[in-house]
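Protein sequences appear in the order of chains Y and W. Take any residue in the first sequence, count from 1 to its spot, add 58: that is its number in the working numbering. Take any residue in the second sequence, count from 1 to its spot, add 58: that is its number in the working numbering.
It is possible that some hints are incorrect.
Pairs count within a copy or across copies, as identical chains cannot be separated in the list.
[Stated by the list, open to error] Within a straight-line C-alpha distance of at most 25 Å, the following computed SDA-like cross-link-like pairs (lysine to any residue) qualify:
no., residue 1, residue 2
1, 80, 149
2, 131, 106
3, 80, 131
4, 80, 306
5, 111, 343
6, 131, 102
7, 281, 137
8, 111, 144
9, 131, 97
These aren't lab readings, by the way, just hints derived from the structure by calculation.
Take a look at the letters that make up each chain.
2 protein chains.
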Amino acid sequence: MQWPFSRRANALTSSAIREILKVTEQPDVISFAGGLPSAATFPVEAMQVATRKVLEEHAESALQYGPSEGLGKLREWIAAEYSRDGAEVRPSQVLLTTGSQQALDLIAKALIDPGSRVLVETPTYLGALQAFSLFEPEYVSVASDDQGLLPETLTPEVIEGARFLYALPNFQNPTGRRLPLSRREALAAIAREHDLPIVEDDPYGDLDYQGERLASLRSLAPKQVIHLGSFSKVLAPGLRLGYVIADDALIAKLVQIKQAADLHTPSFTQQVVYEIVSQGFLKGHIPEIRTLYAERCQAMLAALEKHMPEGVHWNRPEGGMFIWVTLPESLDSTELLTEAIRERVAFVPGAPFYATAPQANTLRLSFVTVEPARIEEGVRRLGRLVARQLGGTSEHLPLV
Amino acid sequence: MQWPFSRRANALTSSAIREILKVTEQPDVISFAGGLPSAATFPVEAMQVATRKVLEEHAESALQYGPSEGLGKLREWIAAEYSRDGAEVRPSQVLLTTGSQQALDLIAKALIDPGSRVLVETPTYLGALQAFSLFEPEYVSVASDDQGLLPETLTPEVIEGARFLYALPNFQNPTGRRLPLSRREALAAIAREHDLPIVEDDPYGDLDYQGERLASLRSLAPKQVIHLGSFSKVLAPGLRLGYVIADDALIAKLVQIKQAADLHTPSFTQQVVYEIVSQGFLKGHIPEIRTLYAERCQAMLAALEKHMPEGVHWNRPEGGMFIWVTLPESLDSTELLTEAIRERVAFVPGAPFYATAPQANTLRLSFVTVEPARIEEGVRRLGRLVARQLGGTSEHLPLV
C-alpha cells in the first residue's frame, strides 16, 4: 500500500538520535538524556486522595464530555494564580490543553501558513520545532548568548512579517539559561511597539532554586504575549495537562482549533488536578522539587568541574532541569554519543535544537532523574571520553 | 492586537447553532441535542478499583512521560481483541490517541494537502469535517440512502486522486444508519482494487442492540483501511481515549505527527483503562449499555409514531445513539430549533453534517440521555411544533 502522504508528512524524517537513545532505557545506562522530571517528586498520595474524591463526588462530570475550553473551576483557579502577579488574567483568557505540547500545535495551526516567518531562539526547544515545522514556516534564529536571546538583534527587518517569536525565558530547554529582566523589558517593548506576538513557553518558571521569579513577558506585554504553562514539571507529566493564557480573540480561535484536535482535554485529569491544586498543595510541593533539583544541579556542576578536560564549557543554571555543554569545536556530540552509549552513559546532542545552522559541538545534560553518586560516575565517563577524543585516540579504555 | 492568523484560522467561523444549543444545558430543557453517552452507564466503581490499583502498583509509569505510540500492554490488549475477529492485528499497528477526534486530526495532517480530494458520506460526522477542513481539502459527498453510502457511485472518476474515503459503517453519527454487509464487501473490493484508503470510524460498533456485528471494513481490506476505535461509548468519554489501527508504514508517520501534537496521550488514563478492560469488564458492561439504549430508542420510535404529523420520516436504528428525521421539504430545521428552544426541547439541525449541499429539512435526535417519559414529552412538543409550522400558523400554543 502506497499511502498518499501530504507534503508535510513526506517531509518528516525519522530521528537517528531517537533510535540511539532507545538504549538509554536500559537500567545500566546512566542517562542524562531524558527531559523527564524526577519520579521522586510525583504526588502519589495527593493523587490517591484526589481521585477518590473526584470519583465519589464528581464522577459524572469527570467521566462525561466537557467544554473544549477546559474545566471552568480550573480555569478560574489558574486565572486567580496569575492575577496575583499583578497582570490580571480572566478565566475566559485561559484554555486548558493536553500538555503544553498541544498548545504549540494549536498556535502553529492558528498562526502559521507555509513560508510564514517564525522567530526562534538559538538553540530552542526541539518539541516546538517539531510542532511548528508541520505547518512549514521559515525559521529565523535570533542570536542568543549564555543569558538568552539578544533583543537588540530584533531589528524591524527581522520582525517584518513575523507571525510570532517563540521564547522560553525561564531555564530554557535545552540550555537551562534564564533571560535577565533587562532583556525581558527590552523584548516586551519591541512586542508592544510592533505588535509582535510572543509565545512565552514557561514550563520551568516555578523551578528557580532560590524560589525567585523574574517578571514574565506576559506581565510586561499582556496584549501581545501568549503564555504557556504546564502541570508537568510541578505535578506529573503523565497527566498531560497544560494551558494557554492569551487575549480573548486569540483564545476564541484556539478553542475552535482545539475542538477539532481532540474535542477537549480529559475531564478526569482536569478534575483530579483541580482537587490537588485548589487545596494549596503546590505551596508545599514546589519547594521540595526545587531543593531536590538544586542539589542534583550542584552535584553535576561539581562533577563537570572535576572531570571535564580544559576547553569544555558549560553554564551554571539558577533553576530548571538542564545544563548546556559546549565542547571544543573539533568535536561532534552526535559522534560522541555513539561512544558514550558503549560506556553506558547518555546525553542529547545539541544539533537538533537549532532551527538553522546547528552547532555540532553542543550537548544537553539533564540531572534531575539521577542520584548524585551516579551523576559523578556518569560525568566521569563522559569527561574521559571527551579527553580521549581530544587526545586523538579512539581505543576503548577499560571501565574501572 | 491584530493577530496574524493563518489562512485556515481565518476561514473558521463561529457556529450559530452552538450558541443556540448552549441553553440546552438548562435542566428544564428536554435535550435530544447531545452526542453524549448516558452517564448512567459510566463505570464508576470499576474506575475506583482501577485508579487505586494503578496508584498503588504503577504510580511512577502512570505519572511519567510515556511512549507516543501509547502504553505497550494496552496496545497488546487492543491488538488481541481485534485479532479475534479473524483479521490479525499486531500491537505495532495500534496507536493510542487522545480520543478518536485526535485520530481524525492526525490522519488529516498525514494525508491532506490544500485542495486534496476527500470523499465523505452524505451526511457525515461534523467533528470529522471540522478536523479535516483545517487542512483545506476539496470534499466530494458520496451519494447515500437510508442504509448508508452507495458503493456503485464510487466510479474511477470519483476515486481519482482521492486521499481517502471517510466512512462510519456502524450506527453513523448523525443518522444512526448501518451499512449492510453487501455494501461493505463492494466498498472493500473497490478499496483493494484502487488502493483507495478508507478511514473507518467506529465508535458505535459495540452498540448493536442485538449484540451482532457485521464484518468491519478493516477485516475486508486490511491494507487499505485505517480503523478508528474508542473507549468513549463503552466506558466514558471524559477519559478521551481512542485508537488507530493501520499498517505499520502509516502508523509510523502518525506516531511522529502525534508526538508533535501532544507528545502522548495521558499515561494515567491509559493505565486506568488497561486495568479495567484487561479484567474482562466490557463483556458484562456492554450488554447493559445496549439494553438501556435499545429501550430508549424504542421509546423514541414509539413517540415519533404517536406524535409526528404525516410527511415526517425517520429511520429505525438497530444500534447506536441517534435517529435521523427528515421533515417535509418546506421546513427548515434550524428555524424549527429556535421555536423548539422556546418550548424547552432541543435537537441538532442536520445541515452542518453535510460537507456539500446541506439538506435543511433534516435533524438529529439523540435518545440515550433522556428518560422514556421525558422522551415522549419532548417528542410530543416537537410534533406539535412541526404540525403548527406545516399548518402555517406561527402562534405560540400554551404548554399544558
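25 Å Cα cut-off: does residue 281 pair with residue 137 within a copy, between copies, both or neither?
within (15 Å within a copy, 48 Å between copies)
Reference check for the pair residue 131 and residue 97, CA-CA at most 25 Å: within, between, both, or neither?
between (28 Å within a copy, 21 Å between copies)
Give the relationship of residue 131 and residue 102 under a CA distance limit of 25 Å: within one copy only, between copies only, both, or neither.
both (23 Å within a copy, 22 Å between copies)
For residue 80 vs residue 131, is the C-alpha pair at or below 25 Å within one copy, between two copies, both, or neither?
between (40 Å within a copy, 18 Å between copies)
Under a CA distance limit of 25 Å, which applies to residue 131 and residue 106: within one copy, between copies, both, or neither?
Both. Shortest intra-copy (20 Å) and inter-copy (23 Å) distances satisfy the 25 Å Cα cut-off.
When no copy is specified for residue 111 and residue 144, does a C-alpha distance of 25 Å or less occur within a copy, between copies, both, or neither?
Classified as neither; 33 Å inside a copy, 42 Å across copies.
If the cut is 25 Å between Cα atoms, do residue 80 and residue 306 qualify within a copy, between copies, both or neither?
Close across copies (19 Å), not inside one copy (42 Å); limit 25 Å.
What label fits residue 80 with residue 149 when the C-alpha limit is 25 Å: within, between, both, or neither?
between (41 Å within a copy, 18 Å between copies)
How would you classify residue 111 and residue 343 at a CA-CA limit of 25 Å: within, between, both, or neither?
both (20 Å within a copy, 24 Å between copies)
Taken one by one, the earlier hints fail for this structure only at number 8.
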